[in-house]
Amino acid sequence: MLGMASGAAITEQRGTVAARRECCCSAYHQAVELIGKRWTGAIVFVLLDGPLRFSEVKVLVPEISDRLLSERMKELEAEGIVQRHVMDAMPVRVEYCLTEKGRALEPAVRSLKVWARSWL
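Sequential numbering of the sequence shown, starting at 1, is according to the working numbering.
What the hints contain is simulated information worked out from the structure, not anything from laboratory work.
These numbers come from a predicted model, not from an experiment.
One or more of the hints may lead you astray.
Subject to a maximum C-alpha distance of 30 Å in a straight line, what follows is the list of computed DSS-like cross-link-like pairs (lysine-lysine) [as the list claims (entries may be wrong)]:
#: 1; residue 1: Lys37; residue 2: Lys101
#: 2; residue 1: Lys37; residue 2: Lys113
#: 3; residue 1: Lys113; residue 2: Lys101
#: 4; residue 1: Lys74; residue 2: Lys101
#: 5; residue 1: Lys101; residue 2: Lys58
#: 6; residue 1: Lys37; residue 2: Lys58
#: 7; residue 1: Lys58; residue 2: Lys113
#: 8; residue 1: Lys74; residue 2: Lys58
#: 9; residue 1: Lys74; residue 2: Lys37
#: 10; residue 1: Lys74; residue 2: Lys113
Pairwise CB distance ranges (calculated) [as the list claims (entries may be wrong)]:
#: 11; residue 1: Val92; residue 2: Ser118; range: 39 to 49 Å
#: 12; residue 1: Cys23; residue 2: Gly50; range: 36 to 46 Å
#: 13; residue 1: Pro62; residue 2: Leu120; range: 11 to 21 Å
#: 14; residue 1: His29; residue 2: Pro91; range: 36 to 46 Å
#: 15; residue 1: Cys23; residue 2: Ser55; range: 42 to 52 Å
#: 16; residue 1: Arg84; residue 2: Val59; range: 12 to 22 Å
#: 17; residue 1: Gln30; residue 2: Pro91; range: 31 to 41 Å
Glycine residues also receive a C-beta, built at the ideal position from the N, C-alpha and C atoms.
Turn these sequences into a full structure, and let the hints steer you where they fit.
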């Protein structure tokens, strides 16, 4: 009986909390998981100022390995956040830039940097 009573109390308590606060939706969770993935936020941050070649991103995010940078670029491209441009030149040049979807992250990414400087 005690288990039933405490279960009912928890359900009632959750209902009260849910009535007062907004739930964490799956889209928010997915966004945090995407941008919070190791190095992803840093890559987006350095691309905010314009297109960069792979080697230039590597210089601006110095601790990332080539393999991981390549993997993150592919993930960001698949998500529609980064666009890869192959330029017809000799030698062939490849640049990465943020899409409209990627540029829309700018206020959040810049705010996070301000917060980090103040609190970390």
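Quick rundown of the hints versus the structure:
1. Lys37 <-> Lys101: holds (17 Å)
2. Lys37 <-> Lys113: holds (16 Å)
3. Lys113 <-> Lys101: Given that 30 Å is the threshold and the Cα spacing comes to 19 Å, the pair holds.
4. Lys74 <-> Lys101: holds (15 Å)
5. Lys101 <-> Lys58: holds (22 Å)
6. Lys37 <-> Lys58: Between Lys37 and Lys58 the Cα gap is close to 17 Å, so the pair holds against 30 Å.
7. Lys58 <-> Lys113: holds (19 Å)
8. Lys74 <-> Lys58: holds (15 Å)
9. Lys74 <-> Lys37: Answer holds: Lys74 to Lys37 is near 13 Å, not above 30 Å.
10. Lys74 <-> Lys113: Holds, because 24 Å separates the two Cα atoms, which is no more than 30 Å.
11. Val92 <-> Ser118: 39 to 49 Å: holds (43 Å)
12. Cys23 <-> Gly50: 36 to 46 Å: Check passed, 38 Å falls within 36 to 46 Å.
13. Pro62 <-> Leu120: 11 to 21 Å: holds (19 Å)
14. His29 <-> Pro91: 36 to 46 Å: holds (42 Å)
15. Cys23 <-> Ser55: 42 to 52 Å: holds (43 Å)
16. Arg84 <-> Val59: 12 to 22 Å: holds (18 Å)
17. Gln30 <-> Pro91: 31 to 41 Å: Check passed, 38 Å falls within 31 to 41 Å.
Hint check: no violations occur; every hint is consistent with the structure.
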